[in-house]
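Given chain A, put chain B in place with the hints provided.
Chain order of the listed sequences is A and B.
Heads up: the first sequence is residues 189 to 311, going by my numbering.
Heads up: the second sequence is residues 15 to 369, going by my numbering.
Hints are computed from structural coordinates only; laboratory data are not their basis.
Among these hints, one or two may not hold up.
Pairwise CB distance ranges, derived in the manner of DEER restraints [stated by the list, open to error]:
1) A:N238 / B:A347: 19 to 29 Å
2) A:G242 / B:E122: 53 to 63 Å
3) A:A279 / B:E127: 37 to 47 Å
Which residues of chain A face chain B? A few of them, derived with a C-beta cut under 7 Å, are [said to hold, decoys possible]:
4) G256
5) S260
6) V263
7) V284
For each residue, glycine too, the CB sits at the ideal point set by N, CA and C.
Spelled out, the chains give:
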Amino acid sequence: MATEEAIGPDSGGEDITRPIDDQIGAEVGGRDPMSSVAIREQLRDYIVANYLFGSGTVGDDVSLLDEGVLDSMGVLELVLFVEETFDVRIAEYDVVPENFDSIGAIASFIEVKWNDVRQALAS
Amino acid sequence: MDVRTLEALGDTPQPLQPEPFHRGVLTIDAAAETARIIEYLRGSVLQKLGRRGAVVGVSGGVDSSVTLALAALAFGPERVVPLLLQEKESSPDNAVLVRELCRRLDLEPRVEEITGALEGFGCYRRRDEAIRRVFPEFDSTYRAKITLPGDLLNHDALTLFALTIVSPEGEAHSRRLPPAECREIVAATNFKQRTRMALLYHHAELRHYAVLGTANRNERMQGFFVKYGDGAADIDTIVHLYKTQVYQMAEHLGIPEGIQRRLPTTDTYSAPTTEEEFFFRMSFETMDLLWYAQEHGVAIEEAAAVMNLAPRQVERAYREFRRKHRATSYLRAPILALDERSRGRAEQPGWSTRG
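Chain A on its own, in the form it takes in the complex (with noise of 0.2 Å):
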């Protein structure tokens, strides 16, 4: 019997006694919690920096899959920068164009992530 285990950033012995907001903010890089438009622009430099050469933009939008931005090897990489820059457990039922075939996708995707653990925190 195979075992499915999702890699990602130990989520083990968070202090949770902190504001819930103030946990999220520190795991994005010690700063106050990020903005929709924040998430976007930390993406897209990533994409663009990645993916384009360092040059133009990328819309929220645009389909990175069907545009040929992301190839097999992108996903991963960008599933594992998300994990990693924003702090969240990526399942592999997660990774699904509905979450990150465009920029917009992948922010509303973390900001749902994040809505789960302050649920959990607050619960």
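The following block gives chain B in isolation, referenced to the frame of chain A:
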């Protein structure tokens, strides 16, 4: 040699004539197709390339077996060399099936052991070091393979490589592959195909023969080959045939049943890996028809009705095919040159083509 270069030479077997889409659209007249390929091989190898026979790398799979049988018919057994390239992780079934095939074709297989060459390249060491970064417990008693999410038709999962190791007790563990380790495992493993290629050309040069490629249409168009590895050959013998058509040819050519029934595998990783779980993510029967439908502009609704699938499933397959074809275009690209005219000079009159 890539597809475009071959097409420039002319007379490449073209896909069979399109007709209205139906479930039997890929059924071929295998006898007529055999005659067509034999004529093509003779014209290409003997006349265009000026070689005297053919070398075929054989694995005991259906593609290389069909290619070998066609070569034997085209040139006669005395002008064909079947080459079995074994290494320590090859399935023992390969040799058994190749010998049975060669007996039937009146051929004598040549066997080359490439484990030493692969150890020299660091193939196993580089790969295993990368695997251990993901699974520290991995050692020589384990087996490993790379897989993709299955069931493409019913799930929107993106291409996300996973590494699976199998313990000596048979327990399997899978984890998503980090990009660096994924690249290292693939690059190390590709030594296998490129070492095989080097030996195929060695044996071809010994005899002034050509190397016959064994890729089918699915493999070439979706990029399921190693550039300058199993993708390297002088002639792409069956690259115009879909996998299910290769099986029809196998039946017509009398390929041993053990080979026809064998589940297609990559024969690349130490743990058994089918081509479906490693790459294609659906059955060949379904994939061939959907690929044909997309190539021929069959509307999603029409393809779905013929194949008894939901339009959403067909749309998902079409999208995956387009992405995979584009993502692997690098593999099929010719060597680029700033001045393309300089590429063709060796083929113009007055220029020697001898190396």
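Structure-based check of each hint:
Look at N238 (chain A) against A347 (chain B): about 21 Å separates their beta carbons, and that is inside 19 to 29 Å. Checked against the given bound of 53 to 63 Å, the beta carbons of G242 (chain A) and E122 (chain B), roughly 57 Å apart, stay inside it. Distance hint check for A279 (chain A) and E127 (chain B): the Cβ-Cβ separation is about 43 Å, which falls inside the suggested range of 37 to 47 Å. This hint holds: G256 (chain A) has a C-beta 5 Å from the nearest C-beta of chain B, less than the 7 Å allowed.
For S260 (chain A), the suggested interface contact is upheld, since its CB lies about 4 Å from the closest CB of chain B, less than 7 Å. About 5 Å separates the beta-carbon of V263 (chain A) from the nearest beta-carbon of chain B, less than 7 Å, and the hint is met. Because the beta carbon of V284 (chain A) sits about 4 Å from the nearest beta carbon in chain B, less than 7 Å, this interface hint is met.
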